[in-house]
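Novice: Okay, here's what each chain looks like letter by letter:
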Amino acid sequence: MTDDTPPRTRVQLSVNGQSRDLELDNRTTLLDALREHLGLIGSKKGCDHGQCGACTVLLDGRRTNACLVLAVTCAGREVATIEGMAGPDGLHPVQQAFVEHDGFQCGYCTPGQIMSAVGMLEEFERGWPSAVTGEVQPAGLTAPEIRERMSGNLCRCGAYVGILAALTDVASRS
Amino acid sequence: MKPFRYARPGGVTEAVRSGAEEPGSRFLAGGTNLVDLMKLGVERPDLVVDVGGLGLDEIVVDSGGGLRIGANVRNSDLAVHPAVRRELPMLSQALLSGASGQLRNQATAAGNLLQRTRCVYFQDVSKPCNKREPGSGCPARQGDHRNLAVLGGSAACIATHPSDFAVALAAADAEVAVTGPAGERTLRLDELYLLPGEHPERETSLAPGDLITAIVVPPLPFGTMSAYRKVRDRASYAFAVASVAAAIDVTDGVVRDVRIALGAVAPKPWRAHRAEDALRGLEPTASAFRAAVGAELSVAEPLLDNAFKLPLTANVVVSVLSDLTGARR
Chain A
1 MTDDTPPRTR VQLSVNGQSR DLELDNRTTL LDALREHLGL IGSKKGCDHG
51 QCGACTVLLD GRRTNACLVL AVTCAGREVA TIEGMAGPDG LHPVQQAFVE
101 HDGFQCGYCT PGQIMSAVGM LEEFERGWPS AVTGEVQPAG LTAPEIRERM
151 SGNLCRCGAY VGILAALTDV ASRS
Chain B
1 MKPFRYARPG GVTEAVRSGA EEPGSRFLAG GTNLVDLMKL GVERPDLVVD
51 VGGLGLDEIV VDSGGGLRIG ANVRNSDLAV HPAVRRELPM LSQALLSGAS
101 GQLRNQATAA GNLLQRTRCV YFQDVSKPCN KREPGSGCPA RQGDHRNLAV
151 LGGSAACIAT HPSDFAVALA AADAEVAVTG PAGERTLRLD ELYLLPGEHP
201 ERETSLAPGD LITAIVVPPL PFGTMSAYRK VRDRASYAFA VASVAAAIDV
251 TDGVVRDVRI ALGAVAPKPW RAHRAEDALR GLEPTASAFR AAVGAELSVA
301 EPLLDNAFKL PLTANVVVSV LSDLTGARR
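Line by line, the protein sequences give chains A and B.
Counting from 1, one number per residue, gives the positions in the first sequence under this note's numbering.
Counting from 1, one number per residue, gives the positions in the second sequence under this note's numbering.
Just chain A, with the same shape it has in the complex:
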């Protein structure tokens, strides 16, 4: 090992409930750790700058852009990706709704959309307001609320109509 070797750090990640030991170049983002080191290629690299949301995962239960998180900072934290969403009984309700309502075209943004939606629904359950909520607690996940809360996820195919329908459906059932 020469002095020019980029510094590395050992890190233990918990991904979809499984503990994973890695030794990573410090520059590795959580997204690259998932995709390039753990073979979890469901999370997508769109812009790699936190602008498109295709890389969205849950970190300690909260949606975040995996492309802007250094993997070495995730030691001991819980990461949930699209690969862990479906259970033994089938698809996650959000996944199922995307299928039923045609919430995608090419599918590239879809894992990020779904992970973001799972996090978003949880935030709504907790009573978090949004920029369009106003002074009172949100009455329900109206179309303006869903659009605002999902604005961190872009879809270049323009499948927003289906995405909105899918999330309206899921919200009405929960």
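It is worth saying that the hints were derived from the structure and are not from the lab.
Because the structure is a prediction, the values reported are computed rather than measured.
Worth double-checking, as some hints may not be accurate.
[Said to hold, decoys possible] Okay, the calculated bits of chain A under chain B, using three or more residues with CB under 8 Å as the criterion:
no. : region
1   : 6–15
2   : 19–33
3   : 40–53
4   : 69–80
5   : 99–108
6   : 145–151
C-beta atoms are modelled at their ideal positions from N, C-alpha and C, and glycine is treated no differently.
For this one, chain A is given, so just place chain B on it according to the hints.
Specialist: The following block gives chain B in isolation, referenced to the frame of chain A:
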């Protein structure tokens, strides 16, 4: 991205020492701006000091309604905090109008204050930029300056500060608690942020090793009568083209006190003291609001493509104050 060493200090003292010993280091908290700038080659730290594990994540509400916001409090947690929403709606509104749900979950309060300008020349290392590379020049005056400053800029730099949150904090007279190599101190926001002058590379009065540990918001009795309004190019998830944070106290039909801060128009959140001074003692009417903001903007130095920010900002100020006071427009 340039390779870097990574340190996870066990406490504030150790973090400060690491930062002070190595001026080429950067503190990392949420990382939503720093990691991005490292990818772009704008930030090239030799050492990244991860302060995300230091705690500093409490929101304390004192009996008078003042707030002490830990540096590492996530933007989303602060925005939805019941006391913040009740006592200082402008603070919550500013946070909720910024970035996306994902970013607000990751980004921290102190990191929000220290995020860097989104000026296109600053973010593109193939272009000259006096802020990124002192003395290299600034193409913005002749080039793309639609989003840049009309107040407080200099010949060297007209970059704008991008934060929404900081604008509301400026209106609230907030301070930052800083721990540095020489101990602890408190800085008002207008002491924290520097105007560019001939040294746009110096954005704050923080020295290597200085770590913001908390944001202190003093009680603002009329903070319940406050609002933040942001104008942007699309309905959500975009930086401000113009924004206003304001709080106003109307007693016996006259403006007893008022706070106004402007965003997206200056290199720092712009506290509109001239406008405030002009309004105190007057009846709260739309024409009084318009005259007051006119006094503030009279010192502006707009360029061809950002001159629209002057009438836009004036309109937003009049609109926000009118809504808060029920004045007819």
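Novice: Each hint needs a verdict: does it hold in this structure or not?
Specialist: Status of each hint after checking the structure:
1. Given as covered by chain B, the region 6–15 of chain A passes the check, having 3 residues with a CB less than 8 Å from a CB of that chain where 3 are the minimum.
2. Figure legend: the region 19–33 of chain A, annotated as covered by chain B; annotation consistent (4 residues with Cβ-Cβ distances under 8 Å, at least 3 required).
3. Coverage of the region 40–53 of chain A by chain B holds. Counting CB-CB distances below 8 Å, 4 residues qualify, and the rule asks for three or more.
4. Here's how the region 69–80 of chain A fares: 4 of its residues keep a CB closer than 8 Å to some CB of chain B, so the rule of at least three is met and the hint holds.
5. As drawn, the region 99–108 of chain A meets chain B at 0 residues by the rule of a beta-carbon pair under 8 Å; below three, the given contact is violated.
6. As drawn, the region 145–151 of chain A meets chain B at 5 residues by the rule of a beta-carbon pair under 8 Å; at three or more, the given contact holds.
The structure does not agree with numbered hint 5 stated previously, though it agrees with all others.
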